Amino acid sequence: MKISFKINGAQRTVDVDGDTPLLWVIRDGLDLKGTKFGCGKAACGACTIHVNGGAVRSCAYPVKLAEGKEVTTIEGLGEGDALHPVQQAWKEEVVPQCGYCQPGFMMATAAMLDKIPNPTDEDIDNNIINVCRCATYYRMRKAIHRAAAIQSQTNIQ
Amino acid sequence: MAKNKEKKGVKRRKFLKYSGAGLALMFGGAIIGCNPIRRIVFEKSETTIAPYSGDMSPMLWIQISPSNEILLHSTKVEMGQGTFTGLAQLVAEELEVTIDKIKVVHAETKSGNLDGFGTGGSMAVASLWTPLREMAATMREMLRAKAAEKLGVSASSMFLENGTFSVEGKSMTFGEVVKDVEEWDIPDTPKLKPKSEFKIIGKGIPRIDLHDKVVGAPIFGIDASFPDMLYASVLRPRMIDAEMRDFDFSVAEKMPGVVQIVQENGFIGVVAKSQFEADSARKKIKFDYVTNEVWNLKRVREKILVGNGKKTIFQKEGDAVEDIDGDGEALVMEFRSPIGAHAQLEPNGAVAHFRDGKVDIKVSTQVPKTTRNEVAKALGIDKENVNIIPTYLGGGFGRRLHTPNAIQAAIMSRAVGKPVKSFFDRKQEFQNDTFRPPTHHVMKAKVSEAGDLLGMEHQLASGDVLFNYPLVPKIANPIMRADIGSIRGGSIMYDGIPHHRSTYYHVDLPFATSFWRSLGLMANSFAIESFMDEVALKTGQSPVDLRLKNITQDDPLKVRIRNVIKMCAEESGYTDEVVNGRAMGFAASIDASSSCAQVAEVSIVDGRIKVHKVTVAFDCGIAVNPDQVRAQIEGCICMGISAALYEKMDLRNNKLYPVNYGAYEMALMRDAPNEIDIHLIEGADIAGPVGEPPLGPIAPAIGNAIRRLTGKRITDLPMSLV
Chain Y
3 MKISFKINGA
13 QRTVDVDGDT
23 PLLWVIRDGL
33 DLKGTKFGCG
43 KAACGACTIH
53 VNGGAVRSCA
63 YPVKLAEGKE
73 VTTIEGLGEG
83 DALHPVQQAW
93 KEEVVPQCGY
103 CQPGFMMATA
113 AMLDKIPNPT
123 DEDIDNNIIN
133 VCRCATYYRM
143 RKAIHRAAAI
153 QSQTNIQ
Chain Z
383 MAKNKEKKGV
393 KRRKFLKYSG
403 AGLALMFGGA
413 IIGCNPIRRI
423 VFEKSETTIA
433 PYSGDMSPML
443 WIQISPSNEI
453 LLHSTKVEMG
463 QGTFTGLAQL
473 VAEELEVTID
483 KIKVVHAETK
493 SGNLDGFGTG
503 GSMAVASLWT
513 PLREMAATMR
523 EMLRAKAAEK
533 LGVSASSMFL
543 ENGTFSVEGK
553 SMTFGEVVKD
563 VEEWDIPDTP
573 KLKPKSEFKI
583 IGKGIPRIDL
593 HDKVVGAPIF
603 GIDASFPDML
613 YASVLRPRMI
623 DAEMRDFDFS
633 VAEKMPGVVQ
643 IVQENGFIGV
653 VAKSQFEADS
663 ARKKIKFDYV
673 TNEVWNLKRV
683 REKILVGNGK
693 KTIFQKEGDA
703 VEDIDGDGEA
713 LVMEFRSPIG
723 AHAQLEPNGA
733 VAHFRDGKVD
743 IKVSTQVPKT
753 TRNEVAKALG
763 IDKENVNIIP
773 TYLGGGFGRR
783 LHTPNAIQAA
793 IMSRAVGKPV
803 KSFFDRKQEF
813 QNDTFRPPTH
823 HVMKAKVSEA
833 GDLLGMEHQL
843 ASGDVLFNYP
853 LVPKIANPIM
863 RADIGSIRGG
873 SIMYDGIPHH
883 RSTYYHVDLP
893 FATSFWRSLG
903 LMANSFAIES
913 FMDEVALKTG
923 QSPVDLRLKN
933 ITQDDPLKVR
943 IRNVIKMCAE
953 ESGYTDEVVN
963 GRAMGFAASI
973 DASSSCAQVA
983 EVSIVDGRIK
993 VHKVTVAFDC
1003 GIAVNPDQVR
1013 AQIEGCICMG
1023 ISAALYEKMD
1033 LRNNKLYPVN
1043 YGAYEMALMR
1053 DAPNEIDIHL
1063 IEGADIAGPV
1073 GEPPLGPIAP
1083 AIGNAIRRLT
1093 GKRITDLPMS
1103 LV
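First to last, the protein sequences are chains Y and Z.
First residue of the first sequence: 3, per our numbering; consecutive thereafter.
First residue of the second sequence: 383, per our numbering; consecutive thereafter.
Where hints are given, some of them may not hold.
Derived lysine to aspartate or glutamate pairs resembling EDC-like cross-links, with alpha carbons at most 16 Å apart [stated by the list, open to error]:
1. Lys144/Y - Asp1053/Z
2. Lys93/Y - Asp1009/Z
3. Lys1094/Z - Asp958/Z
4. Lys692/Z - Asp890/Z
5. Lys995/Z - Asp17/Y
6. Lys485/Z - Glu451/Z
7. Lys43/Y - Asp17/Y
8. Lys920/Z - Glu831/Z
9. Lys666/Z - Asp628/Z
10. Lys483/Z - Glu543/Z
11. Lys144/Y - Glu543/Z
12. Lys144/Y - Asp1009/Z
13. Lys43/Y - Glu543/Z
14. Lys655/Z - Asp17/Y
15. Lys93/Y - Asp1053/Z
No wet-lab data here; the hints were simulated from the structure.
Note that the coordinates shown come from a computational prediction; the quantities given were computed from them, not determined experimentally.
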């Protein structure tokens, strides 16, 4: 079936089985590889993207549900070459190790900061529940606080 | 790339001292087979940095192009441990360039730049510490000589800064030097910079792959592709010790997108137009299992038991605890660790393109050379016709030492005449993992009335770690008898105990077990360091003093472990007292020549174990990149918390459970300590292992804190308060 949606600002139409997980359409159909396959059951968060601004685990999200919606992936998180505050903070704290799960964490964090601009440690623990096997959680928590600070500064300006 | 027709002879002579001296030689020595040699091998296996065992030609490693680009072709793979950054720092230091001038890529096997050891055991930077700097320094002197020749000046008159030679108003960049040069003279290996002159080594430079990993660049094996590629899904057994048979493909082959069902080389793979279609069709293949024996976790636990299996003593000083004269009962405790999964986020897979009798394979592997050789053997083609193109790894942890996916993708590509991408799904990853083996430990000690340790014994039963590893010849198993992966960290480092010994029992299991980050270290340290703490409590001594008192020798490793123990106790303000509901636990270990001590501050919050702070003293010698050394320590601590508190596999009716994240419980953000206070000591003038040694102390440090909080000694992993 034909499904149309906006991804990273561009209108796209794909012709696939409507039950295909959005993840595979993004990765293999639209060749945006930043969104990762981790588990296929929405259990790890490696495939986290934004649909209409909210965090969604795309491996368990049938593409047909994306019809008419706005999808953002890690490739569209910043504006052009400018990094999003979350990416900037990730860089400043040197968070990634293997790096595979990191786009999912950054997407989940960006979505959380839209709802909770200045999260406490408890907010972070409750909302960021993706899996990182290199276990970079210690730096990630610092980076999330830093991202919140960068974002609030940007908003004041 | 610069060429030199005579380089082989020169290279062999100059670099021979590093090559061919890896694991192979260790086993070569053991083939004589008598016990003293076996004992030396065991001792060395715990403390020696395995030397680099690959090609040492500077030309193969460092490529400088006329456009002034410096490429470092690394045989070591980047799986998150920061190796690419560390290696670039070593090269930049001796080449006299800034780090941003160097681009690091994985060496393709067809380049001839091959590493016989692979990437693992925390050995990447450590094993290349001297050879790579020598290669870079040699390259620098080759460039200097050629620049002098081109400029018509003496080599010694030139000044070198940031990749440019200059003298009397003339200058020449590296790129200009290499332009149009056909022949190079390789000089004697130059003297290396002393530590006091380091400008790049020892700096916490941001990792060189940072930007790519923050923008989600397509750098991993699962991101790789070839034009006009098909997708495959391979059928893997859900059950252990069972055979699949009576296949019915009638539904599967009619599924949408299916191109071909390939049956070759003992596997079945569905090739389709998309990953979703390949997976969906594979799930429609019908078949039956024929089970040999019925297996469940209880039976595995009965097998993994000290006293079962082949026994080998791997450490021995004095008599057995039972034979020590004197009054008093021996103190005896048992410990266990469970089957652990790797759970690395990127599943295993490969992308292969077979054409004209040759195959290119893009794959996340820790062992490109082994992968190449296995593919060549399975396809019946020459090794030279297989080119492994390693990608960044979405986690390694020992999971990518076995790469059947590369063979399967290559065979399917040959069968369908197109490039094929073949990846496991998550269920397949869990059910067909090469697990961390379960272990059982019996610790015994005898203590004098004055509270001195008279004797101590560590007995260990484990499944395979190094045995059945493709790199190690099968002949090694009966010769070694003890699996040196399983016994890693299993020796008692307390030389002040007059009688001490460690014994290993090898147990065969009906499922694959192999390397898991730090090998035997985590489980062995949990047993030994928990037990030391118990001895301290039973004899009314401080656990810090008890350790220090029993490490008496003056060899450098023992001096270094004493130093980290002292520093960790001091920096943490270690106390036996429980303060405001929080207790401290102390533990220490030596792994592959690096020393680590940790204090965990733990409380129990709503019935759950919470690690608030970990203080670490760590000595790996020179920290090439202190920021990345810290990152590895932080990762080891959080991954260690995960293994200590949550992780375990179950086995019911020949099926391993669970088969996904969530059900396989792991540490998440909420489990990360609020503070990790790291103190680095550079107790040696070499760069030693980093990526695994800090996994030693964390589990027993947590257990020792809980003992002080609750009075209960936790002896089984994962820890339970009930």
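Tested hints:
| no. | hint | result |
| --- | --- | --- |
| 1 | Lys144/Y - Asp1053/Z | holds, 14 Å |
| 2 | Lys93/Y - Asp1009/Z | holds, 13 Å |
| 3 | Lys1094/Z - Asp958/Z | holds, 15 Å |
| 4 | Lys692/Z - Asp890/Z | holds, 10 Å |
| 5 | Lys995/Z - Asp17/Y | violated, 52 Å |
| 6 | Lys485/Z - Glu451/Z | holds, 8 Å |
| 7 | Lys43/Y - Asp17/Y | violated, 23 Å |
| 8 | Lys920/Z - Glu831/Z | holds, 11 Å |
| 9 | Lys666/Z - Asp628/Z | holds, 14 Å |
| 10 | Lys483/Z - Glu543/Z | holds, 12 Å |
| 11 | Lys144/Y - Glu543/Z | violated, 37 Å |
| 12 | Lys144/Y - Asp1009/Z | holds, 15 Å |
| 13 | Lys43/Y - Glu543/Z | violated, 54 Å |
| 14 | Lys655/Z - Asp17/Y | holds, 14 Å |
| 15 | Lys93/Y - Asp1053/Z | violated, 23 Å |
When each numbered hint is compared with the structure, violations occur for hints 5, 7, 11, 13 and 15.
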